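Residue numbers (our numbering), protein chains in the order written: chain C, 19 to 497; chain D, 19 to 497; chain F, 19 to 497; chain E, 19 to 497.
Derived by calculation from the structure, the hints in this document are not laboratory data. Be careful, since some hints might not be right.
Claimed, not checked - Okay, derived cross-link-like pairs now, DSS-like style, lysine-lysine, Cα gap no bigger than 30 Å in a straight line: (1) D/K391 x F/K193; (2) D/K193 x C/K391; (3) D/K193 x C/K347; (4) C/K349 x C/K391; (5) C/K193 x D/K193; (6) E/K193 x C/K349; (7) C/K349 x C/K335; (8) F/K335 x F/K391; (9) F/K193 x E/K348; (10) E/K372 x C/K391.
As the list claims (entries may be wrong) - Computed far set for chain C versus chain E, every beta-carbon distance over 12 Å: (11) P73; (12) H97; (13) G159; (14) E241; (15) L247; (16) V382; (17) D491.
To be verified - Residues from chain F shown here face chain D by an in silico Cβ test under 7 Å; the list is partial: (18) G195; (19) G196; (20) T197; (21) T201; (22) V293.
Because the structure is a prediction, the values reported are computed rather than measured. A virtual CB, placed ideally from N, CA and C, is assigned to each residue, including glycine.
4 protein chains.
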Amino acid sequence: MDPTAPISVGADADGTAPTSTTITLPPLTLRDVPRLPSALASSPAAPPPAAVPNPISRHPYFHPPATFYISPGDVSLRHAFFDLAAAAPSPLIAYRRAGPRGDLAVDPAAARAALVTCGGLCPGLNTVLRELVVGLQELYGVRHVFGVAAGYRGFYGADEDHVRLDPAAVDDWHKKGGTVLKTTRGGFDLGKIVDGIVARGYTQIYAIGGDGTMRGAVAIFQELKRRGLNISITGIPKTVDNDIGIIDRSFGFQTAVEIAQQAIDAAHVEAVSAVNGVGLVKLMGRSTGHIALHATLSSRDVDCCLIPEVDFYLEGKGGLFEFLYGRIKKKGHAVVVVAEGAGQELIPRTDDQKREQDESGNTVFLDVGPWLKSELGRWWKREHPNELFTVKYIDPTYMIRAVPANATDNLYCTLLAHSAIHGVMAGFTGFVPGPINGTYSYIPLEDVAVAKNPVNVNDHKWAWVRSVTNQPDFLKSQA
Amino acid sequence: MDPTAPISVGADADGTAPTSTTITLPPLTLRDVPRLPSALASSPAAPPPAAVPNPISRHPYFHPPATFYISPGDVSLRHAFFDLAAAAPSPLIAYRRAGPRGDLAVDPAAARAALVTCGGLCPGLNTVLRELVVGLQELYGVRHVFGVAAGYRGFYGADEDHVRLDPAAVDDWHKKGGTVLKTTRGGFDLGKIVDGIVARGYTQIYAIGGDGTMRGAVAIFQELKRRGLNISITGIPKTVDNDIGIIDRSFGFQTAVEIAQQAIDAAHVEAVSAVNGVGLVKLMGRSTGHIALHATLSSRDVDCCLIPEVDFYLEGKGGLFEFLYGRIKKKGHAVVVVAEGAGQELIPRTDDQKREQDESGNTVFLDVGPWLKSELGRWWKREHPNELFTVKYIDPTYMIRAVPANATDNLYCTLLAHSAIHGVMAGFTGFVPGPINGTYSYIPLEDVAVAKNPVNVNDHKWAWVRSVTNQPDFLKSQA
Amino acid sequence: MDPTAPISVGADADGTAPTSTTITLPPLTLRDVPRLPSALASSPAAPPPAAVPNPISRHPYFHPPATFYISPGDVSLRHAFFDLAAAAPSPLIAYRRAGPRGDLAVDPAAARAALVTCGGLCPGLNTVLRELVVGLQELYGVRHVFGVAAGYRGFYGADEDHVRLDPAAVDDWHKKGGTVLKTTRGGFDLGKIVDGIVARGYTQIYAIGGDGTMRGAVAIFQELKRRGLNISITGIPKTVDNDIGIIDRSFGFQTAVEIAQQAIDAAHVEAVSAVNGVGLVKLMGRSTGHIALHATLSSRDVDCCLIPEVDFYLEGKGGLFEFLYGRIKKKGHAVVVVAEGAGQELIPRTDDQKREQDESGNTVFLDVGPWLKSELGRWWKREHPNELFTVKYIDPTYMIRAVPANATDNLYCTLLAHSAIHGVMAGFTGFVPGPINGTYSYIPLEDVAVAKNPVNVNDHKWAWVRSVTNQPDFLKSQA
Amino acid sequence: MDPTAPISVGADADGTAPTSTTITLPPLTLRDVPRLPSALASSPAAPPPAAVPNPISRHPYFHPPATFYISPGDVSLRHAFFDLAAAAPSPLIAYRRAGPRGDLAVDPAAARAALVTCGGLCPGLNTVLRELVVGLQELYGVRHVFGVAAGYRGFYGADEDHVRLDPAAVDDWHKKGGTVLKTTRGGFDLGKIVDGIVARGYTQIYAIGGDGTMRGAVAIFQELKRRGLNISITGIPKTVDNDIGIIDRSFGFQTAVEIAQQAIDAAHVEAVSAVNGVGLVKLMGRSTGHIALHATLSSRDVDCCLIPEVDFYLEGKGGLFEFLYGRIKKKGHAVVVVAEGAGQELIPRTDDQKREQDESGNTVFLDVGPWLKSELGRWWKREHPNELFTVKYIDPTYMIRAVPANATDNLYCTLLAHSAIHGVMAGFTGFVPGPINGTYSYIPLEDVAVAKNPVNVNDHKWAWVRSVTNQPDFLKSQA
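Just need the whole structure built from these sequences, with the hints factored in.
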């Protein structure tokens with residue numbers, strides 16, 4: 019962008035009408051997704067492979083208009099806002115827009131799809147499964163759809179781990195929490211998984227899971243490519259914590275924030291009903307504090323929100339204890355929300371605990387909730403031994419993540435599942451579907467597997483939580 | 019865009035890795051918003067008016083980093099996706115990004131804000147009011163904030179229609195449905211309103227309402243400008259129907275879709291518990307079918323969704339009766355969701371009804387629900403006199419719109435209110451705050467007052483509802 | 019009772035300790051229920067018929083203690099309170115206590131049960147069905163259990179109206195509203211029904227329905243007895259209105275009161291958000307106002323509760339309009355709850371409407387809700403033409419009655435179903451199970467079919483609603 | 019009862035009609051409640067003290083009929099069912115019926131009421147407080163009503179612990195969980211409390227709390243009597259566990275059972291979504307398993323319900339592990355509900371833990387939930403080391419007890435509060451109001467303070483949970 023031609027603010031001297039200013043944008047870079055071998059021309063000069071017309075066009079009730087199908091040039095922008103005055107703007111990145119293509123690179127009659135869920139529960143899992151089954155069969159006529167039970171290990175499991183699914187079987191799944199396909203952690207054995215995929219003749223894999231699952235999907239994608247197989251793999255990111263980057267948000271997140279209100283309400287009631295009462299709620303979020311932050315903003319009954327992105331300390335000037343004491347003296351009570359991953363460095367850890375890892379290879383988190391509850395009790399007993407004090411601690415994790423998706427998430431899961439199917443049918447593989455600034459798009463699986471989504475505490479949005487809680491920023495240098 | 023350099027789809031012959039393609043974008047046009055006279059330089063050559071440093075920087079607990087404030091060049095893009103292959107791309111429109119500015123054009127100590135709500139209820143109204151009060155006082159230190167009761171007519175009403183508000187008074191408003199400031203329709207008398215504003219010394223008006231309210235706000239803006247007054251007016255669009263354009267969605271909409279599920283569930287239960295039962299639910303939506311559409315997609319128990327954007331007919335081949343008969347014979351029951359504005363041209367209307375208008379000047383809608391219920395009963399009695407039949411009709415309108423906002427909408431209302439305040443403090447007027455592709459932005463009030471937001475039934479998204487209901491498209495020519 | 023020896027109040031001169039006074043009670047009369055011919059001795063001198071030991075005693079996991087089975091002398095009292103000082107106390111009526119008997123008069127291996135639901139929906143219907151199926155099979159080993167679809171007419175319907183049920187099939191029915199067996203009104207043809215029962219070999223009929231269904235069950239009972247058949251019929255009273263006498267309350271009632279709160283909340287929000295706003299809610303209750311009364315008491319936001327048991331009038335001194343005007347002037351708004359059957363005599367009725375009856379033979383009720391809404395509007399326009407006014411009317415009937423039962427009602431439905439089964443297995447017929455002062459009992463079907471349960475407005479309990487609403491008693495003579 | 023004249027079962031040879039049998043009942047004993055000195059005649063021969071007419075009779079809107087007031091002979095029966103055939107029937111106990119009396123022994127103008135809440139939270143606490151305030155003022159015109167903060171210690175606390183309450187102040191309390199008057203445990207100092215009562219001139223004490231609070235109220239009652247003071251004390255039993263005897267059930271219990279469903283649902287979803295998953299839910303209930311039992315019956319997703327009244331063991335034949343293994347192998351998962359007080363004798367306890375007591379003098383319970391979770395994990399790892407296994411443990415205690423009362427409990431709290439007031443106004447003291455077989459009655463405080471309410475596991479009702487779970491009875495001798 020030409021820094022010699024910035025937009026000038028308030029250029030209209032009389033402010034009478036909206037004004038228009040024209041700026042030249044930098045070039046745009048398309049970040050494309052891979053394709054199946056069969057979807058590629060054999061050489062740059064070769065003709066494209068024979069395409070199959072999209073069967074939606076033959077739908078008995080529905081007659082798609084010209085604008086119905088996505089064109090090859092349809093892209094979405096990664097960044098929806100810019101600082102035009104900046105001398106060196108961020109490069110503009112684009113992704114392919116998700117949606118149905120007029121011509122398919124995959125023959126629905128020959129397709130055999132496998133769906134698998136891995137990792138912890140998240141509201142909407144069953145809706146995604148339901149919509150993959152319904153979309154594959156009713157939009158495209160894919161008749162062979164299987165649920166693979168018990169996570170990745172199901173691919174090399176027994177026959178009963180491979181369950182044929184059809185629209186009638188999944189009809190009410192969107193009203194159920196959890197996953198009807200059971201889920202597990204770990205069990206990732208690349209060779210056995212790909213052998214299992216091949217042995218059972220699957221041509222489309224839909225892997226629904228968290229960051230570990232996405233990294234596994236990348237490995238499967240690369241192995242499938244190495245073997246030159248016409249089998250696609252799609253990752254559908256599932257993280258109730260909303261800790262996956264690039265996409266706008268993950269499914270189940272809005273539901274989680276909604277249900278978290280119940281826990282905060284209970285903590286607030288317990289706190290206000292006691293003398294010098296503290297209500298303490300631990301919410302999900304190992305690497306990011308999105309649920310804690312959003313639940314705090316929606317509730318407004320929270321006095322302090324502790325998230326992994328902001329270090330805090332307990333004692334001394336500007337510390338948590340000082341802040342809470344002031345709040346209790348002023349209001350008679352206080353409510354604290356702490357994200358799972360906050361304060362990990364403050365909790366004393368044994369050598370064993372330092373070494374431990376969970377089955378997906380994640381560092382084992384110590385439980386910040388009981389630790390903080392205990393520290394609060396010890397602090398008060400030490401500093402204010404003659405005053406009553408109560409801490410009520412609530413860990414609503416399973417009551418949050420096991421509910422069915424709310425209406426907003428149910429709709430989102432539908433669009434996500436359909437976007438995935440459309441992409442697979444177009445011959446894409448190694449990709450993740452997801453909304454980018456509201457536009458459903460296809461993103462390389464490799465990019466999503468490494469993208470993080472921390473709460474940006476330097477942005478003005480963080481001020482929202484501050485305007486709600488007026489909590490300190492725990493910057494010792496300020497103290 | 020240079021049509022000689024389109025992106026080529028599948029350019030990577032081996033599909034081994036995500037590829038990058040670079041394209042030149044067309045220029046961008048900034049659609050700016052007006053400013054107060056005091057925020058404008060007296061002439062293009064004059065120095066800018068004396069600015070007030072943002073008091074957030076003096077906040078005792080919070081120390082804004084460099085990235086906290088919005089820069090003059092920060093803009094958002096109206097369209098987040100494009101067809102790069104199109105020969106003549108849409109012009110790229112941008113808006114100013116919402117958020118706090120480092121320098122204010124308004125002195126908080128001299129500010130006197132008035133909040134008013136007009137038109138029908140919508141989940142989140144009280145949250146917007148609460149956050150305007152809290153944001154004005156706690157972020158900016160504005161001490162004079164008033165609620166104006168009973169809509170626009172309150173501006174020229176009695177003293178008791180002007181209620182002083184502070185954070186303590188509004189503390190739990192976000193947990194209440196409706197509006198604590200009472201709302202009315204009509205009563206728009208431009209001269210009296212502006213006279214009232216001036217007489218009471220208000221310097222900032224926040225008008226929350228629907229399209230009629232936005233048109234009224236435009237008139238007030240123009241009159242204020244005509245009189246050369248340093249009084250800003252901001253419109254906060256309230257439409258449970260989601261029928262306002264440019265912005266991503268309106269507040270309360272997600273809550274409405276959530277609660278609508280209860281009505282659809284009840285209609286579904288009534289239908290399946292009867293012999294040849296039909297459950298009929300009327301949902302809000304005079305000019306657009308967004309609630310009906312989203313509720314249908316989230317529920318999946320709906321057999322037919324009728325919206326204003328798609329004409330339908332009752333009798334004959336391809337008509338509603340034929341479709342419902344088939345569905346009842348197949349499943350034993352059917353559920354129909356009809357938006358308020360659907361089928362208006364089918365309902366017989368007396369001459370009086372043709373002339374009538376409501377207080378806001380909207381055409382009076384005939385009630386499609388009882389009419390359709392009656393038509394269904396008459397049809398069945400005529401065509402299938404010896405078979406049992408039941409229609410249960412539910413109109414959940416007030417039970418939907420009177421609830422408090424859910425967590426998602428509560429958060430949205432907060433961001434909307436804070437965005438409005440930041441803009442006013444920066445000296446903007448005649449604008450609407452709202453999210454555009456996820457980025458909160460400022461849009462000229464005049465643009466929003468005329469923007470519509472119909473359901474795009476030619477887009478592939480409409481296929482979602484079709485894949486859920488498999489309903490006919492009521493194109494007679496196809497029949 | 020000897021009136022010469024009344025208890026003396028405050029007989030203990032120092033009030034230091036609880037005192038005991040002993041009184042002689044009047045004799046007790048047992049109101050017994052009929053038995054199957056096979057359960058009766060052939061003559062007063064003959065030995066009792068061969069009994070079957072209760073199979074619960076052979077349960078692999080459960081070893082019933084001695085106190086587990088109901089003894090032949092176990093009875094419950096109809097009245098749990100008395101005025102001991104009254105010269106002529108009411109006769110004391112007792113009923114057989116419900117529960118398992120040690121010896122059965124019915125061989126479970128030969129039993130063939132039919133379940134049928136009639137009339138309108140009520141929360142808990144599916145729970146009753148589920149527990150009948152589960153209880154019959156798991157407690158008693160009855161293997162032949164059938165659901166009869168579409169109400170009484172299903173007995174002479176097609177084969178597909180007779181659906182075999184087992185515990186797996188009904189597993190989640192308690193989480194569903196409505197009735198999985200479809201329900202209808204009317205279709206009562208005694209000869210065809212009993213012929214159908216005989217033809218299909220049913221030996222136990224469980225009829226779930228309202229007062230019309232109970233009267234039908236009495237007719238079936240008498241016809242079965244006339245034909246000398248060893249077929250039992252049990253009536254399970256279903257009335258969301260709670261208008262059936264003798265029993266403590268009907269299932270689904272607590273759920274209905276709970277959900278009615280949502281409608282009252284919405285009406286309250288609409289009323290307070292308007293200028294001179296009235297929220298009007300119509301609740302179920304044709305002959306009794308129990309739902310309206312309980313919902314009013316639970317909500318406390320109601321200004322006036324109109325029920326069938328209390329006449330009211332609109333105009334003049336002491337009338338509804340005068341009361342509402344006062345309330346609106348004082349509080350700015352008012353909320354009115356009206357039971358379906360209130361004010362029927364006030365609504366103008368055409369000759370046709372005077373003659374009409376519904377399929378169950380009930381008088382057709384005119385819709386008091388829209389009538390009252392319209393009268394309110396006309397009154398205000400006439401009396402206060404220059405003041406704003408709004409009436410928002412909500413009819414939540416189907417949204418209330420179609421929900422699943424809440425926990426309280428779910429448990430109640432279980433006890434009701436099990437009580438029914440235990441009675442049938444003991445050889446009883448022509449009875450209704452139900453709680454009497456908390457004790458599950460067996461009541462002659464004939465008694466229940468004619469018992470009413472009006473709200474006792476002369477009791478001090480009616481004062482509760484009065485203390486909540488302070489509404490007038492519409493006694494014109496007082497005015 | 020004359021054993022020579024038992025009722026004969028099936029005396030009617032033809033079973034054609036309900037029969038009547040008449041029996042002589044044993045005498046009835048009235049268990050009276052104490053009165054204030056001022057309500058007692060000075061000697062048996064003296065005339066009764068001057069009575070005040072009930073001000074309800076002067077109510078402007080309401081004209082109580084003759085049957086409105088409770089007569090001196092109105093009593094309720096403690097037992098609503100009997101075994102008439104038993105040779106020695108239980109003595110029949112009666113209590114005074116609650117409700118308004120025509121003549122008061124207390125002058126409302128001189129009354130000064132104090133309300134206090136003690137112990138843990140329970141849904142409905144605030145409703146009881148609200149209705150005491152509203153009932154005292156609106157029914158009786160008592161103008162001096164105070165809330166005493168922080169439990170019994172508030173009586174000798176600072177001035178700000180004594181808050182004047184009126185209907186406007188408490189208007190929306192029934193919609194709030196917890197207690198607006200803060201609650202504490204302990205702090206019971208009899209002398210200081212009674213001195214405080216006298217010093218502040220209170221004439222009526224309403225103490226809302228659990229068994230410790232009731233024992234404290236007995237001591238206060240006795241001290242007030244010893245001092246000869248005309249001050250009444252009423253105990254309103256609050257126990258979310260429903261562990262107080264004589265009365266039908268305690269307030270908040272139905273709400274607790276309702277909310278417990280959410281925790282069981284979540285545990286069930288977690289269990290079915292895992293491979294060999296166990297969902298474990300701990301519910302309130304130290305001495306009784308009512309919540310666990312009712313929640314299990316309402317849910318039907320529970321495989322095993324462990325309550326304090328039934329011992330259980332983990333290992334060996336007939337033990338919990340054996341049962342769960344079978345259930346997991348059969349269904350793939352299991353759900354266990356454990357009451358707080360179950361298995362206390364199984365948990366290893368240190369010497370310190372054996373000695374510890376809480377502030378109310380209750381034995382400190384060890385937390386059965388984490389212990390059982392850990393035992394389950396160790397068992398599986400030991401016995402089935404090569405099979406996946408997951409236990410998800412949920413402790414919803416605070417999320418259950420902190421919610422507002424549901425409609426059923428809200429109504430119950432109203433009747434309880436009004437009953438308390440009517441009794442106090444009639445001159446009673448040292449009593450507890452409560453429903454006995456559905457009739458609100460007055461019970462001596464001393465009786466309630468010692469009454470227990472264990473689940474009767476020998477009654478046929480316990481069979482309900484057995485028919486739902488088919489769990490073993492943990493009788494080792496059977497094994």
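| field | Contradicted hints - numbers only | value | Result: no hint breaks.
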